[in-house]
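A.B. asks: Residue numbers (the numbering used here), protein chains in the order written: chain A, 1 to 315; chain B, 316 to 748; chain C, 749 to 997.
No wet-lab data here; the hints were simulated from the structure. Just so you know, not all the hints are guaranteed correct.
Below, a sample of chain B positions facing chain C; criterion: calculated Cβ distance under 7 Å [unchecked claim]:
id	residue
1	ALA324
2	ARG521
3	ALA525
4	ASN529
5	ARG532
6	GLN534
7	VAL536
Derived pair list, reagent style SDA-like, types lysine to any residue, alpha-carbon separation capped at 20 Å [to be verified]:
id	chain 1	residue 1	chain 2	residue 2
8	B	LYS725	B	THR672
9	C	LYS988	C	VAL968
10	C	LYS864	B	ARG521
11	A	LYS142	A	VAL6
12	C	LYS841	A	HIS87
13	B	LYS725	A	GLY82
14	A	LYS88	B	ILE637
15	A	LYS142	A	ILE65
16	C	LYS803	C	ASN770
17	B	LYS695	B	ILE671
18	A	LYS88	B	ASP735
19	C	LYS864	B	PRO325
20	B	LYS352	B	ILE494
21	A	LYS88	B	ALA633
22	B	LYS744	C	LEU895
Source: prediction; values computed, not measured. Ideal placement from N, C-alpha and C gives every residue a C-beta, glycine not left out.
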Amino acid sequence: MLELIVISTLNGVLYGMLLFLMASGLTVIFSMLGVLNFAHASFYMLGAFFGFQISRWFGFWPALIVAPLLAGALGAAVERYGLRHVHKNGHVAELLFTFGLAFAIEEIVQIIWGKNPVDFRVPPLLDFPAFTLFSTNYPAFKIFMLAVSIVIFVGLLVVLKRTRIGLIVQAALTHPHMVGHLGHNVGRIFMLVFGVGTALAAVAGVIAGPALVTQSNMAGLLGPILFVVVVVGGLGSLPGAFIASLLIGLIQTFAVSMDGSLAGAFGPLGPDYATTWLSDIWNVTVAQIAPIMPYLLLVLILIFRPMGLLGTRDT
Amino acid sequence: MSDATATIAPPRPAASDRMKFYGIWIAAALLLLVLPKLFSSGGSLTTFSLIGISIIFSLSYNILLGQTGMLSFGHAVYYGLGGFLAIHAINIVARNKFAIPLPVIPLVGGAAGLIFAMLLGWVSTRRSGTAFAMISLGVAELMASSALILRTFFGGEAGVSANRTKVLRLFDWSFGPQIQIYYLVAAWTLIAVIAMYALTRTPLGRMCNAVRDNPERVQFVGYDPHIIRYIAFCFSGLFAGIAGALAAINFEIANSAYLGAVQSGTVLFATYIGGVGFFIGPIVGAIFVTLLSLGLSDLTQVWQLYFGLIFIAVVMFAPGGITGLLMMHRPLLKGGTLSRVLPSYLVAFLPTLAMITGLMLMIETTVHFTVNPNEDSHIKAFGIPFDAANPAIWAVAAVLLIGGFLLARKTWARVAASWDDALTAAREKGVAA
Amino acid sequence: MSTAIELRGVEKTFGITSVIRNVNLTVAHGERHALIGPNGAGKSTLFNLISGYMKPSVGSILLRDQVISGLPPFQINRRGLSRSFQVTNVFAKMSVWENLRCAVLWATGHRYAFWKNVDNLPEVRDRTAQILQDINLVSRRDVPAGLLTYAEQRALEIGITVAGGADVILLDEPTAGMSHAETERAVALIRRLTEGRTLLIVEHDMSVVFGLADRISVLVYGQIIASGTPEEIRGNPKVKEAYLGEEVV
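In isolation and in its complexed conformation, chain A is listed as follows:
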């Protein structure tokens, strides 16, 4: 039991940090540009596939640097030549543009790399168990993933607190309406923010790719959870996104490792239900409903805290 708790906590924090790598970019982009980038998870996927392709040609370490740069450049181009053009048609058009983009990116990835998972492997340098806890070997690559996310997290904090751009971003987070008064280089700042945000998502893709499954549906699977994170945390709140990322990371990881069900808990009490369609609810295990946990959390949050955990804004 203790083993389960420790391992699940580690995995949950790791998953949460990965989510936050993406959610942070999404939140900052939303605060500054006013648009929730529906294609954010697509850049995570692009990061994974670019990482896969580059590590095939040049190895994992160049991929870790180059893939996010490529994805970030692509993101910046999307902002400059796509979003900026759509901006005059309002936020709905912007959101729809990124929605169409997510759709197109998934199709393109399918065309280039196919529908099946690609063989993106952990680099040999990190392919060993870091330590053995009770009876579980904890892979070194996961420790590496955790380290990368923490380094980036700290780096982001420093940038936000210590640089001019960081100050502008902070101002945008608290006073979104003031963004328009930033001056003549506002376009470049937007492009930069979008590029960095999508590059961060791509970093998550490169490091998650070998550990999870690199497949053309990975954006579609992760995207909705990412949006749950930003809504639960409170749209536009960076600390909220952080808390929600960890919360959802831990909830899902713990749920997956539990196989209890109502039938297991109250088994003898409910034979009457066994024949109706309610039997599904009766017999389903916690692990089986792990995928819907984030969405249940979303509904609960909406009922009890419509603005999200730390949200203040209604847009």
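Starting from the structure of chain A, add chains B and C where the hints point.
C.D. replies: The following block gives chains B and C in isolation, referenced to the frame of chain A:
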């Protein structure tokens, strides 16, 4: 009504206008009636049925997006639940030999859509804008994933099927042949379209528009925007449920794809491509997208990519959709200055076509090398055979794409200029925009 | 005379900044009451508090002796208090006629009705036509509100505010940005439309204030430093020092 009102308020429609108004509806009904006589093949009847279902579904979606300004990424939930409830209803009716004929089954679907919209809508419509969009997505994922868990009701991966001919017969209609299904769908389409049009003409329908334009101000004229959004959401669920039930009757099966993300995306595409600004927009979009998806899938393997690119192009260059694009020309037509822009259209048409051809050629050759690398390189796309391995083809694709783009940019700038001229001229003639 | 609006010890703080500090204000029924003060004194915030757009941090607000602070804006509106906005706030894509009609629908009891044809409601037509004539926009009836001139939009703004028939009207700088001639017309319009109703108005143009108001309150740094008839305010040394200066006769 006071005399002053008569001179100040918008005039009541004249008898001729009213005739025209009802004439359009009667013409639509007649068209639906004779359509099978003109195109009688089984394939076209199926296509018409799918279009009818798609029209109801898209219009129900536009109650949210176009009328009330709510962008939903999960509208298929109500469509799908309507479909499942309809299938179960058919099975129950058939098993128990209830005296309920097939044509009223869509009401079951509508009720299902309405009830679930009432349940799920209250929390989701609390927020508007981006938050609502994300919430609709979350709720949709919740329902779609739950459908796979609740296997007894949703039938797991396989879905639930039914035999529509086993319910009570009316006037000896078995609803086995597609032609009978066509008339069932056509009748429901007409009813639903009239009902949804009527809805836009009610106090609620007008306040939906007000919430879309300015939810803040609505609060200061006595209305709670949340309630308005909620009622609109419920109506939208009702009609989506009817559409889903008709789909289930048409296919005699309901599966989890009915309430999935792809279905939600498709209705969004159809509605937006048709145009959200006019009542008729989603109808145009439903026809266009249904025909396109049926037609493109025969012509190319990667039709979904083209679909996505068309959608992106509409969002970027024609945010009013097809109808918006057409309606833009109305003032020019009235002002008689339309002929001034047509030449510039012709000039812009060629390089644009070249650019699109180049893009398609590039996509199709890429597809050949990534998807089917081991097959013969003499491929056929859109009915045109060419050799994907021939470098000349690549060169042609590149020239068409880049050259077309550069030229198109210039010509479209000219279109914009001549457009402005024509509109100014039309305005001078006293035509309101 | 009964009171229409009463503020009791109202305070509003944002974080550590207090914008409204212990404001007590009474507006009698049928009175035209002007609220003046330098920029940033908190006049618009006070309007936001009274109309329910914001909730006071401390204190209570009463409309005809009933507490309304804490209620959402639409409930306050239904109790007969209507406000306009400093920045024009209309339904931009809808026509002038539709704008006014939306403002009439709740008051005529049609609420969320989805079974009535909105064009077939005689009392709605009558009232909308009346307001349209009152604000002199008959010739612009079918123009989308977003395409009106600035002065026309301001008139529409006032029209939407009074259309519901509320007997307490709050106008936030209705003549801001208008030319002299436009201001005169706007003042005549306001005078006519608020006949027999209670009016609380924020205004910078002193000729408008002194021409229109029965009583004036002066708000400086979130506090009311004086309240009285125009003569009393004119002669008040504190007001002169804080705000009016010498140019006011």
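A.B. asks: Each of the hints needs a verdict: does it hold here or not?
C.D. replies: Each hint, compared with the structure:
A distance limit of 7 Å between C-beta atoms decides the matter here; for ALA324 (chain B) the minimum to chain C is near 5 Å, and the interface restraint holds. At about 5 Å, the closest approach between the beta carbon of ARG521 (chain B) and any beta carbon in chain C falls short of 7 Å, and the interface hint on this residue holds. A cut of 7 Å between beta carbons decides the hint on ALA525 (chain B): the least distance to chain C is about 5 Å, and the hint holds. For the restraint placing ASN529 (chain B) at the interface with chain C, the shortest Cβ-Cβ distance is roughly 5 Å, inside the 7 Å limit, so the hint holds.
Against a cut-off of 7 Å between C-beta atoms, the interface hint on ARG532 (chain B) holds, since the closest Cβ of chain C lies about 5 Å away. Residue-level restraint check for GLN534 (chain B) holds (minimum Cβ-Cβ distance to chain C is 4 Å; threshold 7 Å). Annotation: interface hint on VAL536 (chain B) holds; nearest CB of chain C at approximately 4 Å, less than 7 Å. A distance of roughly 18 Å separates the Cα atoms of LYS725 (chain B) and THR672 (chain B); the hinted pair therefore holds under the 20 Å criterion.
As the CA atoms of LYS988 (chain C) and VAL968 (chain C) are separated by approximately 12 Å, the hinted pair is consistent with the 20 Å bound. Restraint check for LYS864 (chain C) and ARG521 (chain B): the C-alpha separation of about 11 Å stays at or below 20 Å, so the hint holds. With a C-alpha separation of about 14 Å, the suggested pair LYS142 (chain A) and VAL6 (chain A) falls inside the 20 Å cut-off, and the hint holds. Simply put, LYS841 (chain C) and HIS87 (chain A) have alpha-carbon atoms about 18 Å apart, close enough for the 20 Å limit, and the pair holds.
Restraint check for LYS725 (chain B) and GLY82 (chain A): satisfied, since their Cα atoms lie roughly 19 Å apart, inside the 20 Å limit. Distance hint between LYS88 (chain A) and ILE637 (chain B) is fulfilled; the C-alpha atoms sit about 19 Å from each other, no more than 20 Å. Of the pairs offered as hints, the one joining LYS142 (chain A) and ILE65 (chain A) holds, with about 18 Å between alpha carbons and a cut-off of 20 Å not exceeded. Of the pairs offered as hints, the one joining LYS803 (chain C) and ASN770 (chain C) holds, with about 14 Å between alpha carbons and a cut-off of 20 Å not exceeded.
Using a Cα cut-off of 20 Å, the hinted pair LYS695 (chain B) and ILE671 (chain B) holds, with the two alpha carbons roughly 17 Å apart. Proposed proximity of LYS88 (chain A) and ASP735 (chain B) is supported: the alpha carbons are some 18 Å apart, at most 20 Å. Using a Cα cut-off of 20 Å, the hinted pair LYS864 (chain C) and PRO325 (chain B) holds, with the two alpha carbons roughly 18 Å apart. Between the alpha carbons of LYS352 (chain B) and ILE494 (chain B) the distance comes to roughly 10 Å, so the proposed pair stays at or under 20 Å and holds.
Pair hint LYS88 (chain A) plus ALA633 (chain B) holds up; C-alpha atoms about 12 Å apart against a cutoff of 20 Å. Of the supplied pair hints, the one linking LYS744 (chain B) and LEU895 (chain C) holds, its CA atoms being roughly 18 Å apart against a limit of 20 Å.
In summary, this structure violates none of the numbered hints.
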